[in-house]
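K.L.:
Chains as they are written, first to last, in this note's numbering: chain S, 443 to 792; chain Y, 24 to 442; chain R, 1155 to 1637.
One thing to keep in mind: the hints can contain errors.
Each computed DSSO-like pair below joins lysine-lysine, with the alpha-carbon atoms no more than 30 Å apart [unchecked claim]:
1. R:Lys1353 <-> R:Lys1329
2. R:Lys1551 <-> Y:Lys328
3. Y:Lys441 <-> Y:Lys425
4. Y:Lys331 <-> R:Lys1551
5. R:Lys1404 <-> R:Lys1353
6. R:Lys1551 <-> R:Lys1353
7. Y:Lys328 <-> R:Lys1353
8. R:Lys1551 <-> R:Lys1232
9. R:Lys1232 <-> S:Lys473
10. R:Lys1551 <-> R:Lys1329
11. S:Lys479 <-> R:Lys1353
12. S:Lys705 <-> S:Lys599
Sample of chain Y residues lacking proximity to chain R, with all beta carbon distances greater than 10 Å (derived) [claimed, not checked]:
13. Asp49
14. Pro255
15. Thr257
16. Gly315
17. Ser378
Across the chosen pairs, the derived CB separations fall in these ranges [said to hold, decoys possible]:
18. Y:Gln348 <-> S:Leu790: 51 to 59 Å
19. S:Asp509 <-> R:Ala1251: 14 to 22 Å
20. R:Ala1252 <-> S:Val558: 53 to 61 Å
21. R:Ser1194 <-> Y:Ser102: 44 to 52 Å
22. R:Gly1475 <-> S:Asp593: 53 to 61 Å
23. S:Pro595 <-> R:Gly1475: 21 to 29 Å
24. S:Gly611 <-> R:Pro1524: 49 to 57 Å
Worth flagging that the hints you see were computed from the coordinates, not collected in a lab.
All residues carry an ideal CB built from backbone N, CA and C; glycine is no exception.
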Amino acid sequence: MKVSYVSSQAISQALRHSLLRMQSELVSGQKEAQSGKVADVGLALGIRTGQAVSLARDVGRLQTIVDSNTLVASRLAATQDSLSRISEAGSTFLSALTAAISGDSDPATTRQAGRVMGEALTGIVNSSFNGEHLFAGVNTDVRPLADYRADPPSAAKTAFDAAFLAHFGFAQSDPAAVAIDGPAITAFLDGPAAAEFLGAGWETNWSNATDRGISTRISLNETVETSVSANIDGIRKLAMAAAIVDDLFSSALNEGALEAVAKTASHLVTEAMGDIAQVQAATGFTEQRIENASERLSMQVDIFNGFLNDMQGVDPFEAATRVNALITQIETSYALTARIQQLSLTRLLS
Amino acid sequence: MSLYGMMRTGVSGMQGQSNRLGTVADNIANANTNGYKKSMTEFSTLVISSGEGSYSSGGVVSNVRSAVSRQGVIQYTPSATDLALYGNGFFVVQDTAGQPFLTRAGSFVPDDEGRLVNAAGFYLMGYSFENGAPTPVSNSFAGLEPIQVLQQALTAIPTTFGRFSANLPASAAVVPAADLPSTNAPGATFTNKTSMVTYDSLGGEVLLDIYFSKTTANEWEIAVYNQADGAPTTGFPYATGPLATETVTFDGTTGQLATASAKDIQIPIPGGETLDLDFSTMTQLSAGYIPGDSNVNGSAASAMKEIKIDGDGTVYAQYENGTLQELYRIPLANVRSPDELNVESGNVYSQSTSSGDVFLGFAGEGGFGSVRSGALEASNVDIGEELTAMIESQRSYTANSKVFQTGSELMDILVNLKR
Amino acid sequence: MSLTTALGIAQNALLTTARRTSIVSQNVTNASNPDYSRRSAVLSSDAPGVRVAEIRRAAAEGLFWQNLNASSSWEAQKQLLAGLDTLAISVNGADNAASPATALGRLQEALQLYATTPSSATVAEGALDAGRQFVRSLNNGSAQIQTFRTNMDVEIGIAVNDLNRLLADFEVANKSVIAARASGRDASDALDQREAILKQISDQIPVSTFSRANDDMVITTADGSTLFETRPRAVSFESTAAYAPGIAGKSVYIDGIPLSPGKNGAVSGRLASFVALRDEVATTLQTQLDEIARGAITAFAETDRTGGGAPPLAGLFTWAGGPALPPAATTSTGLASSISINPAFDSDAGGNPALLRDGGANGAAYVANPGGASYADLLIDYGDRLTAPIAFDPAAKLATNISVTEFSSASIGWIEASRQTAFNAELTTSALKIRTAEALSNETGVNIDVEMSLLLDLEHAYEASARLIRTVDQMMATLLETV
């Protein structure tokens, strides 16, 4: 049998080092049991800490996008609502026009319908959400449409009057206007007047909105336009219909001409309704996309969180068990130390 | 035959016993004297020729002898200059008058002049190493001088030879010729460097910087500089050029020095001698730079710290830097018959007519014992023995006195015959 | 044999016992001294009696060296870990909320928010603030790194002083060993002292030694520089009072040879670990921060929108060399400390945060917004650029073709990986150190129980000798009575 020598210092030191380790493990075990995360992420993951940080950052970023998507979705909902209201106003106007075409109504009533339409349209298009004009394109800090009937006359009114004067050689209110027949006025409406609304004149005199809408990032790599511009055909056409009815029904035109005006307006309104329905559909589609994106992002957040948890997480029960085991171990080692310290010849010699 | 004769015999017996008691008293008195050898009284008869029918009582002749050759008990002491002899032999000492004696009393201490003197005031003699290792003159005290240890103040030994051994890394990059340490250019580069302490003639430390630089495959340049000349921190450029340079070549297959290569380098140490540095054991293997055993001789000037005496009787001076220097060698002396030596005061002995001639030798050689430093030889007296001898003598004395008393009473009777 | 001889022998026995008792008591006194080696008296019988011929000192050369090496590497790993911990906490760690990676994440989020509501001045201010935080994180990080380097420099200075002092102490201890060995005296105390000093020296720097005549020890460093031969060699170091990016730390010279901090992370000794932290870890981290700064400046650069071919210029973030961009794919040293918010954007400096949305901080040619308060394309573009791969300097020791955001988190990964390595190495080396220390202590240490039992033996021996003396005394008395 080999009897090896053991020094007193080795005996007294033997448990000390392991005790120190156990105590530091106890501290981290406690931390882990409470937080459910590894006590020191860096030490546990090493080089993969970078990944964990990226993941955590991505989670934050995705969450921000989800949040911002909610904002965009509510803007789009407001836009939808506005478009429906425009549509409603359009239908009301259309029935007034139909009455006018059939000669059932008084021109003043029709004109009033036109004015109401115009004002409603201006009102709705100029509506703002969260401080931004919904239909202003990116130019959200400016009202997209000016009031047609403002005093002094708006640029739109002045331009229309000028176009009329240029085409016929006299103003709408001139008695000579009585002579304008249906085809003539139709020609005017389809020509210079249409250019005022459907052509370049719109952006110069009518709308402050930009064609391009607000771009929004709705997922990590998906950008969509999330606003409807006042420059869409539907609004232009409605504005034109409202304007010509409002304007020409109060002029000196004869009945035939007025009927032609009403017919043109009715055409425009009908077309506009179609256009707006299309825009509504597109907006709805965008809303759907955002919803989908948010859903996907939330899923991604969950997955990322899962990854993160896999990387950094610890089972709190396991950690708690470990803490208990460590406590037992430390207690044992205390007891052992005490016993070993008693184990001395000196104690027995005295 | 006469009553007077008988009475005289009794007196002679009493005288003999008082002699013996004298030696016993001496022995008991010197029981604790180091190096003391007990005296013994031996008796021999003195016979007076008698005629027919008559007997003339003789007497007893006492003969005092010393048990010089009997070893005393060795007792250890903390003093290095306490010397004990174990085995045959004597230290050679001399008194203040220069008369040599032999002794085994070795409790020496340096006196004010550094001479080692024992308790009885005798100076220890030895051969000096001043002229090289001494040889004893076997039958004379010639050449002996008192050992003097304090005046060995400072000594310095210049460095003259040394060796250096290291492995130089075989895979090291070649140092461009323009940057070699031998150029002493500022910013010179080297592969490896070491430094060694050497000593100039005055014992001053000269720190040598030794640079090893690979010049081509298997070829290295060794350049040696005096570090004191160097620029701060990096050395180069040194105020003066290299002390020595040498090129060594290694055998590419064995990694040992090539047969034709230089195997040493002669370095003139500034203010000192030329150091012959041997590096024949250097290697060039595929390992790092590993300096191995290296050493140079020489020592700095340093004060003597203490005296050390070896078993063979060599007296060394030990210096503060740990080096030992031989100063003296203590010879041992002996005679054919040590017990016949003349005993003199102070535990010393001198040659007597019957002891034979003194001869000298060194401890441990030729029948001589060994010298123990830090020990003393106690006296070889045994009190018990002395006490028993004393009782014995007392009884003998009483018996002798009874003889005398009887003689005296008989004389009384004889005188009373005539009334 | 005589009574006096018996007395003499008993006397010698007492002397020997006393001597051995003193050794035992010395052993017991030093039982908890880790630098003490057990002594034992070697007895030799001598006519007449017994004497202590030699005091033997327990030694285990192999274990001692293992322990020395283990202690040297442990010391290094401990310091490395501590240094990396400091850097991770103060500059760029996983739990560091102010790390550039986190700040960059915040900036991305703020940009996303701004892109959703580009017309809001408040949100613009928020994005700008996130930018400020990012800049602050880089500036602070860079400053912390330089403070760290200064601290390491101070530590090196202290370690060098310690080393010089220890070498001076070693010279004294070595001299006494030589003296004791040369004169044949007991060198144990001197050896203990010398080994203790050697332990301390090897904590500072790994050493190897060889012995010459009379146990004269020569110390060389692991790479062969002479530390001590007859007398200590100069270990010199010139400290640098303050560090800035790009200022290289001065080397520690041992006998005129610069100390190398060790290859491939095999750092051993405190000194080398301080040098490695100061010159490698901290500077690499600085390079990484510089590269993050460059990545951010490049990502937010404004481009010429007119097609006039004007060079891209610094946007939201600018630097000392602005408005030009720092050269691509290479580190501009100190960028992390000189990066700042472009005053044109900074509302505190009279700038306009909305330039972030519109562009044009560098003149009309750089305006991206055709008009419109809700123009978000540029903001989205910035966001894209932050996640688009660009070329990075390989000197940063990270991937060279990733996005600046990935780069910033890779930087955290780098430091945490270094920490993990150092932690594991610390764990292993400390275990090795403890094991070897235990083994060494078992070989050379004192067991009080053994000493106590020896003491009992000695007590008995002493008693026996005393009894012998008493007996002789009684015998003498009896004899004297009869006289």
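K.L.:
Run every hint past the structure and note whether it holds.
P.N.:
Each hint tested on the structure:
Taking the CA atoms of Lys1353 (chain R) and Lys1329 (chain R), the gap is about 18 Å. The hint holds against a cut of 30 Å. The suggested pairing of Lys1551 (chain R) with Lys328 (chain Y) is violated, with an alpha-carbon distance near 61 Å, which exceeds 30 Å. About 25 Å separates the Cα atoms of Lys441 (chain Y) and Lys425 (chain Y), which keeps this hinted pair within 30 Å; it holds. The suggested pairing of Lys331 (chain Y) with Lys1551 (chain R) is violated, with an alpha-carbon distance near 65 Å, which exceeds 30 Å.
Between Lys1404 (chain R) and Lys1353 (chain R) the alpha-carbon distance is near 26 Å, which keeps this suggested pair within the 30 Å criterion. The straight-line distance between the Cα atoms of Lys1551 (chain R) and Lys1353 (chain R) is roughly 36 Å, outside the 30 Å bound, and the hint therefore fails. Proposed proximity of Lys328 (chain Y) and Lys1353 (chain R) is supported: the alpha carbons are some 29 Å apart, at most 30 Å. Proximity of Lys1551 (chain R) to Lys1232 (chain R) is assessed by CA-CA distance (about 23 Å); at most 30 Å being required, the pair is judged to hold.
Between Lys1232 (chain R) and Lys473 (chain S) the CA atoms are separated by roughly 23 Å; this keeps the pair inside 30 Å, and the hint holds. For the suggested pair Lys1551 (chain R) and Lys1329 (chain R), the alpha carbons sit about 49 Å apart, so the restraint of at most 30 Å is broken. For the suggested pair Lys479 (chain S) and Lys1353 (chain R), the alpha carbons sit about 40 Å apart, so the restraint of at most 30 Å is broken. Taking the CA atoms of Lys705 (chain S) and Lys599 (chain S), the gap is near 21 Å; set against the 30 Å cutoff, the hint holds.
Every CB of chain R is more than 10 Å from the CB of Asp49 (chain Y) (nearest about 15 Å), matching its label as outside the interface. Once the 10 Å rule is applied to beta carbons, Pro255 (chain Y) is inconsistent with being away from chain R; the minimum gap is 8 Å. Thr257 (chain Y), annotated as away from the interface, has a beta carbon of chain R within 10 Å; the closest lies near 6 Å. Chain R draws Gly315 (chain Y) into its interface by the beta-carbon criterion, the shortest separation being 7 Å against a cut-off of 10 Å.
Under the 10 Å C-beta cut-off, the non-interface status given to Ser378 (chain Y) relative to chain R holds; the minimum distance is some 26 Å. For the hinted restraint 51 to 59 Å between Gln348 (chain Y) and Leu790 (chain S), the CB-CB distance of approximately 54 Å keeps it satisfied. Roughly 20 Å separates the CB atoms of Asp509 (chain S) and Ala1251 (chain R), a value that falls within the hinted 14 to 22 Å. Checked against the hint of 53 to 61 Å, the C-beta distance between Ala1252 (chain R) and Val558 (chain S) comes to roughly 60 Å, which is consistent with it.
At about 25 Å, the CB distance of Ser1194 (chain R) to Ser102 (chain Y) disagrees with the hint of 44 to 52 Å. For the pair Gly1475 (chain R) and Asp593 (chain S), the beta carbons lie near 58 Å from each other, so the given range of 53 to 61 Å is met. For Pro595 (chain S) and Gly1475 (chain R), the hinted distance range of 21 to 29 Å is not satisfied, since their beta carbons lie about 57 Å from each other. A beta carbon spacing of about 39 Å between Gly611 (chain S) and Pro1524 (chain R) contradicts the range 49 to 57 Å that was offered as a hint.
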